[in-house]
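Use the sequences and the hints to build the structure in full.
Those protein sequence lines, which keep their order, are chains Z and A. Throughout the first sequence, residue numbering follows my numbering, covering 1 to 249 in sequence. Throughout the second sequence, residue numbering follows my numbering, covering 250 to 469 in sequence.
Keep in mind the hints are simulated off the structure, nothing from the lab. Some hints here could point you the wrong way.
What the hints assert, rightly or not - Below, computed lysine to any residue pairings styled on SDA-like, alpha-carbon distance capped at 20 Å:
#  : chain 1 : residue 1 : chain 2 : residue 2
1  : Z       : K242      : Z       : Q190
2  : Z       : K242      : A       : Q251
3  : Z       : K170      : A       : R329
4  : Z       : K4        : A       : P348
5  : Z       : K4        : Z       : T65
6  : Z       : K170      : A       : S323
7  : Z       : K242      : A       : G431
8  : Z       : K226      : A       : V381
9  : Z       : K242      : A       : R342
10 : Z       : K170      : A       : R443
11 : Z       : K4        : Z       : P29
12 : Z       : K226      : A       : A380
13 : Z       : K170      : A       : W349
14 : Z       : K6        : A       : L325
15 : Z       : K242      : A       : H274
16 : Z       : K170      : A       : Y340
17 : Z       : K6        : A       : V336
18 : Z       : K242      : A       : P434
19 : Z       : K6        : A       : Y340
20 : Z       : K170      : A       : P434
21 : Z       : K170      : A       : N353
22 : Z       : K170      : A       : G358
23 : Z       : K4        : A       : W259
This one's a predicted model, so the numbers in the text were calculated from it and none came from an experiment.
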Amino acid sequence: MDLKFKIWRQDGPEAAGRMEDYELTGISPDMSLLETLDVLNEQLIANGETAIAFDHDCREGICGTCGMFIDGRPHGPLTGITTCQLHMRSFEDGATIHVEPWRVDAFPVIRDLVVDRSAFDRVIQAGGFVSVNAGTAPEANSIPVRRADAERAFDAAACIGCGACAAVCKNSSAMLFVAAKVSHLSLLPQGRVEAVERVRGTVAQMDAEGFGGCTNTGACEAECPKHVSMEHIARMNWEFVKATLFSRE
Amino acid sequence: MQSSIAGKLWMAATGLFLCLFLLVHLFGNLQLFLPRPQGQLQFNFYSHLLSSNPLIKIAGLATYAGILGHAVLSLLLTRRNRAARSVPYAYSRPQDASPWYARNMGILGTVLLIFLVIHMKTFWYEYHWGAVGVDSGGHRDLYAVVLAAFDREWYVALYVVAMAAMGYHLLHGVESAFRTFGFQPRRFARLAHRLGVAFAVGVSALFAIIPVYVYLVQRW
Numbered sequence: 001m002d003l004k005f006k007i008w009r010q011d012g013p014e015a016a017g018r019m020e021d022y023e024l025t026g027i028s029p030d031m032s033l034l035e036t037l038d039v040l041n042e043q044l045i046a047n048g049e050t051a052i053a054f055d056h057d058c059r060e061g062i063c064g065t066c067g068m069f070i071d072g073r074p075h076g077p078l079t080g081i082t083t084c085q086l087h088m089r090s091f092e093d094g095a096t097i098h099v100e101p102w103r104v105d106a107f108p109v110i111r112d113l114v115v116d117r118s119a120f121d122r123v124i125q126a127g128g129f130v131s132v133n134a135g136t137a138p139e140a141n142s143i144p145v146r147r148a149d150a151e152r153a154f155d156a157a158a159c160i161g162c163g164a165c166a167a168v169c170k171n172s173s174a175m176l177f178v179a180a181k182v183s184h185l186s187l188l189p190q191g192r193v194e195a196v197e198r199v200r201g202t203v204a205q206m207d208a209e210g211f212g213g214c215t216n217t218g219a220c221e222a223e224c225p226k227h228v229s230m231e232h233i234a235r236m237n238w239e240f241v242k243a244t245l246f247s248r249e
Numbered sequence: 250m251q252s253s254i255a256g257k258l259w260m261a262a263t264g265l266f267l268c269l270f271l272l273v274h275l276f277g278n279l280q281l282f283l284p285r286p287q288g289q290l291q292f293n294f295y296s297h298l299l300s301s302n303p304l305i306k307i308a309g310l311a312t313y314a315g316i317l318g319h320a321v322l323s324l325l326l327t328r329r330n331r332a333a334r335s336v337p338y339a340y341s342r343p344q345d346a347s348p349w350y351a352r353n354m355g356i357l358g359t360v361l362l363i364f365l366v367i368h369m370k371t372f373w374y375e376y377h378w379g380a381v382g383v384d385s386g387g388h389r390d391l392y393a394v395v396l397a398a399f400d401r402e403w404y405v406a407l408y409v410v411a412m413a414a415m416g417y418h419l420l421h422g423v424e425s426a427f428r429t430f431g432f433q434p435r436r437f438a439r440l441a442h443r444l445g446v447a448f449a450v451g452v453s454a455l456f457a458i459i460p461v462y463v464y465l466v467q468r469w
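Right under this line is the structure:
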């Protein structure tokens, strides 16, 4: 395949960025987009130019590191996948492919396509956990969990923290990510203990990081590589209402 | 507004309150479908009943407050949301991920606000301070004002366009408001979605049909 690329280049956090044009020939349709970028980078290095910086880790769709905006959508034109699972057969031969970093001020660009997603880590630190004593794993059957609740909690736990929800949201809202964490733990008995502090803490941190607010457009759910449902946002809202109106101090 | 979720909750609360107002307003307007002589007396009597009732006056003030709160809060929240992305995407396809009306609630709401000003001038202002006659029942003849207003094609068209905007605004707004309050019926999810759509389409369509019906049938 012969392909043209328009890729965001930015030398550092403070530098001004720009879209630059690249051309590649003889690309296999079975290569992933990350592998195609690897090929492009080898060419750049051979020509004495600086390689394009991009994040990646597992290359099997479970780590959430390779988030980038491809042809106007997070992780490219398909749904339910990350960038490493996007193959060049998904594009027309001769196509021009736009690649940009997430455009969310809470995820500042470090270089080229790499953004700093530590805002999500600080949201987790603000309550997205359960406090348990470390040590030997407890007996799994000692705390019964209703099957339906376990399934819903699993759906939320599928979130890999890639940031696509905030990247695609017209408000740059991280609500689907935060909701996935709040909903996942609030559905399970181990998580109920800290439910009030969790929803208060994570929502306050989400706002402090400068993410926008949710207007339920549904773009996050449509673009989430793990299909995390917006029902978790509704559940987080309800947890927030309960924590605000009914919880004892 | 400290929390973004608190902002959402107030938008949802004022929005749903305004939906209640729409229902009450619609039930009053349905009297315009009644046959002419009784319909005129009935409609004018109802208008008198509302405008002379102190409880309705309080409800009216609450409605103004609701509209003002909904509009001002939307501006504040939109400003905050815009500030969260200072560098726009060079190439973006939002149409692939969400419906256009869900992304343009502010524009649809602005259309409704402009419509509201025109609507208030035509009926509310005229009824209270305009030169309005008296019907055979002794009540101010708002019915005649309605007939005169919808005598003009462009004015009927304006109402139909405004109600289409309201339909799309409600199509996203009603379901969104319930989600915001955490309402997510598991077994009746599809039914709840259909009820939201039915409310948006039904209320807007009935409001839009009235000027057309008055123009085509009641004027003669």
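Hints violated by the structure (numbers, ascending): Numbers 4, 5, 8, 9, 10, 12, 14, 15, 20, 23, in rising order.
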